[in-house]
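Given next are the chains, with one letter for each unit.
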Amino acid sequence: MTAPLLSLSGVSRSFGALTAVDDVTLDVPPGARHALIGPNGAGKSTLFKLVTGSMRVSAGTVALAGDDVTRLPEPQRARRGISQTLQHSSLFLGQTVEQNVLLAAQRQYRSRHSLVPRRQAAARARARELLTDVGLAARAGTPVAALSHGERRQLEVAVALACEPRLLLLDEPAAGMSPAESARLVALLQALPESVTVVIVEHDLDVVFALATSVTVLHLGRVLLTGSPDEVRASAAVQEAYLGTGRGALFLDGTGPAHLEVS
Amino acid sequence: MSVESPPVVSTADGAPDTTATPWRRNRRLTVVLGLVLLAVLAVVPLFVDPFGTNTVSRMLVFALFAMSLDLLVGLTGLPSLGHAAWFGIGAYTAGLVAIHWSAEGLVTVLAAAVAGAVAAAATGWLAVRSGGVFFLMLTLAIGELVHQLAQSLSSVTGGSNGLFGIPSIRIAGTPLTLAGYVYWFVLAVVLLGALALWLVASSPFGGVLRGIRDNEARMRSLGYSPFRYKYAAFAIAGGFAGLAGGLFAGLVRIVNPSDTGFTTSALLLLAVVLGGAGTLWGPALGAALVVLVRDTFGPTLDGHGPLLLGLVFIAAVYVLPRGFAGLAGLRRRRTPRSPA
Amino acid sequence: MLGWFDANLVSILNGFAIGALLFVLAVGLSIVFGMMDVLNLAHGAFFLVGSYLAVSFVAGDSWGGFLTALGVAAVVGLLAGAVLSGMTEPLARRPILDQALLTLGISLVVAEVLSIVYGNDVRSVSPPPGLDGSVDVAGSAYPTYRLMLIGVGLVLALVVWLVVERTSVGALVRASVADREMVSAMGIDNRKVKVAVLGIGSMLATVAGVLAAPVYGARPGLDETILLLALVVVVIGGLGSIRGALIGALVIGQVESLGRALLPDLASFILFGTLALVLIVRPRGLFAGKVAHS
Ligand SMILES: Nc1ncnc2c1ncn2[C@@H]1O[C@H](COP(=O)(O)OP(=O)(O)O)[C@@H](O)[C@H]1O
Ligand SMILES: [Mg+2]
Chain A
1 MTAPLLSLSG
11 VSRSFGALTA
21 VDDVTLDVPP
31 GARHALIGPN
41 GAGKSTLFKL
51 VTGSMRVSAG
61 TVALAGDDVT
71 RLPEPQRARR
81 GISQTLQHSS
91 LFLGQTVEQN
101 VLLAAQRQYR
111 SRHSLVPRRQ
121 AAARARAREL
131 LTDVGLAARA
141 GTPVAALSHG
151 ERRQLEVAVA
161 LACEPRLLLL
171 DEPAAGMSPA
181 ESARLVALLQ
191 ALPESVTVVI
201 VEHDLDVVFA
211 LATSVTVLHL
221 GRVLLTGSPD
231 EVRASAAVQE
241 AYLGTGRGAL
251 FLDGTGPAHL
261 EVS
Chain B
1 MSVESPPVVS
11 TADGAPDTTA
21 TPWRRNRRLT
31 VVLGLVLLAV
41 LAVVPLFVDP
51 FGTNTVSRML
61 VFALFAMSLD
71 LLVGLTGLPS
81 LGHAAWFGIG
91 AYTAGLVAIH
101 WSAEGLVTVL
111 AAAVAGAVAA
121 AATGWLAVRS
131 GGVFFLMLTL
141 AIGELVHQLA
151 QSLSSVTGGS
161 NGLFGIPSIR
171 IAGTPLTLAG
181 YVYWFVLAVV
191 LLGALALWLV
201 ASSPFGGVLR
211 GIRDNEARMR
221 SLGYSPFRYK
231 YAAFAIAGGF
241 AGLAGGLFAG
251 LVRIVNPSDT
261 GFTTSALLLL
271 AVVLGGAGTL
281 WGPALGAALV
291 VLVRDTFGPT
301 LDGHGPLLLG
311 LVFIAAVYVL
321 PRGFAGLAGL
331 RRRRTPRSPA
Chain C
1 MLGWFDANLV
11 SILNGFAIGA
21 LLFVLAVGLS
31 IVFGMMDVLN
41 LAHGAFFLVG
51 SYLAVSFVAG
61 DSWGGFLTAL
71 GVAAVVGLLA
81 GAVLSGMTEP
91 LARRPILDQA
101 LLTLGISLVV
111 AEVLSIVYGN
121 DVRSVSPPPG
131 LDGSVDVAGS
141 AYPTYRLMLI
151 GVGLVLALVV
161 WLVVERTSVG
171 ALVRASVADR
181 EMVSAMGIDN
191 RKVKVAVLGI
201 GSMLATVAGV
211 LAAPVYGARP
221 GLDETILLLA
231 LVVVVIGGLG
241 SIRGALIGAL
251 VIGQVESLGR
261 ALLPDLASFI
271 LFGTLALVLI
281 VRPRGLFAGK
291 VAHS
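Chains as they are written, first to last, in the working numbering: chain A, 1 to 263; chain B, 1 to 340; chain C, 1 to 294.
Read the hints as simulated data drawn from the structure, not as lab findings. It is possible that part of the hints are untrue.
Interface residues of chain A toward chain B, partial, derived using beta-carbon atoms under 10 Å [claimed, not checked]:
{"#": "1", "residue": "Pro73"}
{"#": "2", "residue": "Ala78"}
{"#": "3", "residue": "Arg80"}
{"#": "4", "residue": "Gly94"}
{"#": "5", "residue": "Tyr109"}
Reference listing, derived: stretches of chain B covered by chain A, where coverage requires no fewer than 3 residues with Cβ under 8 Å from a Cβ of chain A [as the list claims (entries may be wrong)]:
{"#": "6", "region": "200 to 210"}
{"#": "7", "region": "216 to 225"}
Ideal Cβ placement from N, Cα and C applies to all residues, glycine included.
Please model the complete structure; the sequences and the hints are all you need to start from.
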């Protein structure tokens, strides 16, 4: 039994009287494709922030590959291999698509202290490769401000991957993407090597069930259930949580494994 | 398609970030313009009288000074209101070294750069750490304090009389007495300084600074510690400001407390904003222009130059929010964009 | 200890007088930024306008002159604040640097206009009749006017504190320092609030200028010195904090007076040292609210 790559125990975070994340305990093994689902306001995005360190926990510990990182600041956690896409895209708007990816990629190539632009060749090559993967190769020189919403989401993924993460956190990456774009995203994520562990928050259950090998359902900040996709689908408690928020329809029509064309 | 296209230049040239593609088409034009400018600059002393040569020398010094401020304001997004402090410290250092130790040009100028960088590093971490509007206030405070020190430590700095009696620059022991030789020395150092700043700006390090300017939170999540980079940028900018100050001391051979003061900082900031922050060449041009205007019209304004300065400031904020370089960018953007 | 205290009593009292002035100044600067996000670098120039108004109305000759100067300064301050409010409105969504440049430009223009009108000489103003003598404080003679200044500062501090902590206007101020969106959410016209806040903030500067005239006189360059001190006070106290402005003003008052008296050569170092010390311990000032970053 290998140690979990990400291990949360008793993690909580409150905002005043509201406990947005409440005593979450969760282990994600290396190489997992883990989905985190739950109605809006369940605390999914907040939980991601607690993992990346952009927000402090109120209680509990976060461990990465066995090391307690609860007290580490965000950049140090990132250097240990945590990378993310944010729900609300956060890019360098004044810069080109390629520069955005380069900023993430150059950290991997020890070129960031070099004054000679030529040394950046390796980082550039990697950036272009990633842009091709997400389908933005033709837009490399375009300022981010000129991208469409869907294209920005794709760029987010490229930036996150350029960090060469061990743990990739994706917060609703397919939101706002066209069906073709999200199919491409799923294919890209499916093709990621085992060395990258993925935790994904996604409302599009087609995407979730196409990818996930395990699912955690979060409700009102608490873990309702962690299990295989089939177990989650069958769970009465989950149905109820979703029905309570009027989003039951999402589950009710998904009886069999969801179908998804991957072009 | 992505394979055969050459790497897009990442604002290496200091062109506005958003125009990387059009810039490529203009590259040849830029190079030609640059070479012409260089050639013209190189022959100035042969065709211009000593007074005019001196003015151009000061324009060059302030161009370097403005570029160093642009590294902070434009590239890193740290608006400093006290950048003249490092310029002044460099100038006093160069002056004192020349008076008491050696007037060797490179020695004084390097001592000035080191002094500027060290002073900036010693005080800057407070300003950088506090960040935000505190940065504005603290740089203003630091600048003002250096100014007061220059005035009150009269046994060292000559107080409000200024530090005078600075010997002329020597190269390999020979004093440069003709304005032309001093000019070439200044030109050489300014060009080297500008080249170094350009390298810093176009390096991955410069990219990180731009990233911090645009989205500091995201940089943190990419694994960068913004404080270190901002602090390094602050010290580097202080070093180049000190270098400019050292040149200034050798050039005018007197240093006044006002050279470290608020009005000088404000003038420089105006140059950066007018020229277009973040482009390096814009602020250099802006500084040259501002110095030219100040030296030409200053005497006729009867000592009320700051009035003009203030009015230009107010106008610039409303009329030219992105400076001359912004105008250039605007013109470029109107030309239809070819597919990348 | 008591001997030391006696020997430096005058410096200590001076420190309180400077502190009282700085409080009046800094509270304006601090509230304007805390509530409205406007960094007013023309605050020192507004102060100087007040000082020169005291010169114009020969505030030293009669109470009539002194009170007229105060009244005119208050009106001028309110108007200046209103103008500033209008001028900064288009810059609200732009980087803070633009605002700094604008107010910097205003301060340069105002200072130069003052020097054109009043010349470059140091102008002195004597205290109004009855306050121009000195009183005996524990064996040393001390100028009556400065004692009054300390009193005025204390009263003003009390008034500001009462208004902010105990009235509905104060509740609004506190709410909007903590959460800028709040004011508009409560259905109050943000622009009117801005005009009022900037008006009052600038008024505090011009009034402080009149009050300070019998101590500092009026001269070119005073605006920068005063702005620096006020900024240091605000930074030490924490942006938008009334309590911070009070404590900061008292500390800097003593640093400026006692520090200068005891270690005249090191005064600037002490000032910066104090600032540095506070910021090392509390990077955003002693009483930093949530707003300190923007
Ligand atoms: N910075 C914050 N301050 C106060 N409340 C917050 C903050 N961030 C999130 N919340 C609250 O925490 C709860 C969980 O939010 P979030 O994690 O964004 O949910 P999800 O991503 O699952 O939709 C919500 O009720 C939200 O309003
Ligand atoms: Mg969310």
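Index of numbered hints that the structure contradicts, given in increasing order: When the structure is compared with the hints, none of them turns out to be violated.
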